[in-house]
Amino acid sequence: GAVVSQHPSWVICKSGTSVKIECRSLDFQATTMFWYRQFPKQSLMLMATSNEGSKATYEQGVEKDKFLINHASLTLSTLTVTSAHPEDSSFYICSASIRGVNTEAFFGQGTRLTVV
Amino acid sequence: QKEVEQNSGPLSVPEGAIASLNCTYSDRVSQSFFWYRQYSGKSPELIMSIYSNGDKEDGRFTAQLNKASQYVSLLIRDSQPSDSATYLCAVNTPGGSYIPTFGRGTSLIVHP
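Protein sequence lines correspond, in order, to chains C and V.
Going by the working numbering, the first sequence opens with residue 959, and the numbers climb by one from there.
Going by the working numbering, the second sequence opens with residue 1303, and the numbers climb by one from there.
No lab work stands behind these hints, which were simulated from the structure alone.
It is possible that part of the hints are untrue.
Unchecked claim - Derived coverage of chain V by chain C (criterion: at least 3 residues anywhere in the stretch with Cβ under 8 Å from a Cβ of chain C; other residues may be distant):
1) 1347–1361
2) 1403–1414
Unchecked claim - Quick list of simulated restraints, FRET-style, between CB atoms:
3) V:Q1382 <-> C:P1044: 36 to 46 Å
4) V:V1331 <-> C:S1012: 18 to 28 Å
5) V:Q1372 <-> C:S976: 42 to 52 Å
6) V:Q1372 <-> C:A960: 21 to 31 Å
We treat Cβ as the ideally placed atom computed from N, Cα and C, and that holds for glycine.
This is chain C alone, in the form it adopts within the complex:
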C-alpha cells in the first residue's frame, strides 16, 4: 500500500502555545487529505477534509481558526493546533487519498498531542 508519513509521532506542549503536525504522502500524489481526532477508546472523528490548493472543509463543531489546515502541495498537508489547551490533548491522525470513489485512504502513524 501507499505510504503516508506523519510527524511528529508525539508532542508535549504548554497550554497557550501552537503545535504543527505534518502529513506527507511519500509515494503518491494525494489530491485529498483528511484530518481525524480520536480520544481514548472512542471512534475516529473527522475534523476536516483538505484538497490541494483549496481551503479545507471543516466538520460541524470544529473551529477552523483553532485548527488551521494547509494543503499546499499534492504531498503535504499540515494541521496547526493554535493556542492549545489541555482539552485538545488527543490522538490526531491524517489520511491521504487520490480523489475518486474507488480509492482507499491511507493513514499516517498518528500524533499523540499532550497539552500541559
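On the provided structure of chain C, position chain V as indicated by the hints.
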C-alpha cells in the same frame, strides 16, 4: 446522513476459530467498501477493499459484500491473538467529495 453501523463488541473468539465482523450501511448508492484494522494506540491500517458483490479473499481474510442487503462483512480464519484489535468498516459513496464514512469499529479479542 450517511451511516455505517458496526457492533462495538467486544467480539471474543478462541484462537484458531473464525471471527466474523459485520457492517451495514445506509446509502444504497455506496460503491466501495474497506476494512481497516486499528491496534490500540496506533492508527488504522487498510487490510481489505471490496467493490463488487460476492467474496474477496486475501490470505486468512475474506471480505463479503451484499449490496442488495447493504452489508459488508469480514471473516478472519484461524484467528490469532495478534488479530486482537478494533476493525473499522469504511464506505465511499460517489458524488461530493468522496469522504469515506467510518463505522465506530468492532473490538475483536482472540484468546489463547
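Here is how each hint holds up against the structure:
1. 1347–1361: holds (count 4)
2. 1403–1414: holds (count 4)
3. V:Q1382 <-> C:P1044: 36 to 46 Å: 38 Å, holds
4. V:V1331 <-> C:S1012: 18 to 28 Å: 25 Å, holds
5. V:Q1372 <-> C:S976: 42 to 52 Å: 43 Å, holds
6. V:Q1372 <-> C:A960: 21 to 31 Å: 28 Å, holds
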